Amino acid sequence: MALWDQFVVQAVFVRGLEFLYQTLASFNVPSWGVAIIVFTFIVKSVTLPLTLRSVRSMKRMQEVQPKLQALQRQHKNDKERLMQEQMALYKEHGVNPVAGCLPMLIQMPVWIALYSALFYLANNNPDFAKPFLWIANLGKPEFAVENFPRELPILAVLTGVTQWMTTKMAQQPSADPQQQSMNQVMQFMPLMFIFFSLSVPAGLVLYWVASNLYQMVQQYFITGWGMLIPVGVPAPGSDRATRDARQSAPAKDIDLQDTEAVRTPSNSGRRRRNKRR
Numbered sequence: 000m001a002l003w004d005q006f007v008v009q010a011v012f013v014r015g016l017e018f019l020y021q022t023l024a025s026f027n028v029p030s031w032g033v034a035i036i037v038f039t040f041i042v043k044s045v046t047l048p049l050t051l052r053s054v055r056s057m058k059r060m061q062e063v064q065p066k067l068q069a070l071q072r073q074h075k076n077d078k079e080r081l082m083q084e085q086m087a088l089y090k091e092h093g094v095n096p097v098a099g100c101l102p103m104l105i106q107m108p109v110w111i112a113l114y115s116a117l118f119y120l121a122n123n124n125p126d127f128a129k130p131f132l133w134i135a136n137l138g139k140p141e142f143a144v145e146n147f148p149r150e151l152p153i154l155a156v157l158t159g160v161t162q163w164m165t166t167k168m169a170q171q172p173s174a175d176p177q178q179q180s181m182n183q184v185m186q187f188m189p190l191m192f193i194f195f196s197l198s199v200p201a202g203l204v205l206y207w208v209a210s211n212l213y214q215m216v217q218q219y220f221i222t223g224w225g226m227l228i229p230v231g232v233p234a235p236g237s238d239r240a241t242r243d244a245r246q247s248a249p250a251k252d253i254d255l256q257d258t259e260a261v262r263t264p265s266n267s268g269r270r271r272r273n274k275r276r
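With numbering that gives the first Met the number 0, the residue at position 33 of the sequence shown is 32, and numbering never jumps.
Incorrect hints may have been included.
What the hints assert, rightly or not - Quick list of in silico lysine to aspartate or glutamate cross-link-like pairs, EDC-like style, CA-CA up to 20 Å:
| hint | residue 1 | residue 2 |
| --- | --- | --- |
| 1 | K66 | E84 |
| 2 | K129 | D4 |
| 3 | K66 | E91 |
| 4 | K90 | E79 |
| 5 | K90 | E62 |
Think of the hints as simulated: they come from the structure by calculation, not from any bench.
Note that the structure is a prediction, hence the values are computed from the model and not measured.
Taking the hints into account, I'd like the entire structure generated from these sequences.
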């Protein structure tokens, strides 16, 4: 832990935030809050190539869903063969099943290091205790229950809302039961972030909000709104998608003989009309 604290927390995060603060102060913007936001954008930009790689892998995963479902039906009684065929399919299309977890795995060490850096700055830099917007102290939790309703957990709510939006934008419609279950589990992530936001330094929560906003813009230019604004789009491969495809298909031409039969009255019909006359 001593090496982690010395070469990561102190050398990268503490010194990086101090450098950004001093640079902003030279432009008459002496704000630790702005320094944290700028630091967030730098971190997200550095990890952008890995994020793009993860997103591309997830899109390829969506494209192979029909083939994957066919394999599941074909080998539903042979789990070992199904696993082999799935891995071969992933390899053929360049799909990494765990690629979607890569950005989160990268972010975890960043959160831990930033938490330690904020704790250090809060105890060793008097300027860090200065207010930023409505936040009284970036080194302490934004909200305390005993101060309600005089103080509101605005930053925690922003974290939950932006996290929910980024989660929905990253999701794509899928008929795969496993993917649907994963999407449902991810719905609880914003609640977890709100819970954590109430007990960690406000500077870390500010990092989460800025990170989510960056990711929303990034995700929009990569995949659009995703499932945030689905506009009734059915999941690929679902019964509704198949039904809609059939309904949108051009109708077959009516057989000419049947058409002629409709237009030309039968002989019996002619005889009945002649008798009535």
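These are the hints, each one checked on the structure:
For the hint linking K66 to E84, the alpha-carbon distance of about 10 Å falls within 20 Å, and the restraint holds. Simply put, K129 and D4 have alpha-carbon atoms about 25 Å apart, too far for the 20 Å limit, and the pair is violated. Restraint check for K66 and E91: the C-alpha separation of about 12 Å stays at or below 20 Å, so the hint holds. With a C-alpha separation of about 17 Å, the suggested pairing of K90 with E79 holds against the 20 Å cut-off.
Between the alpha carbons of K90 and E62 the distance comes to roughly 14 Å, so the proposed pair stays at or under 20 Å and holds.
Hint 2 from the list above is the single one not met by this structure.
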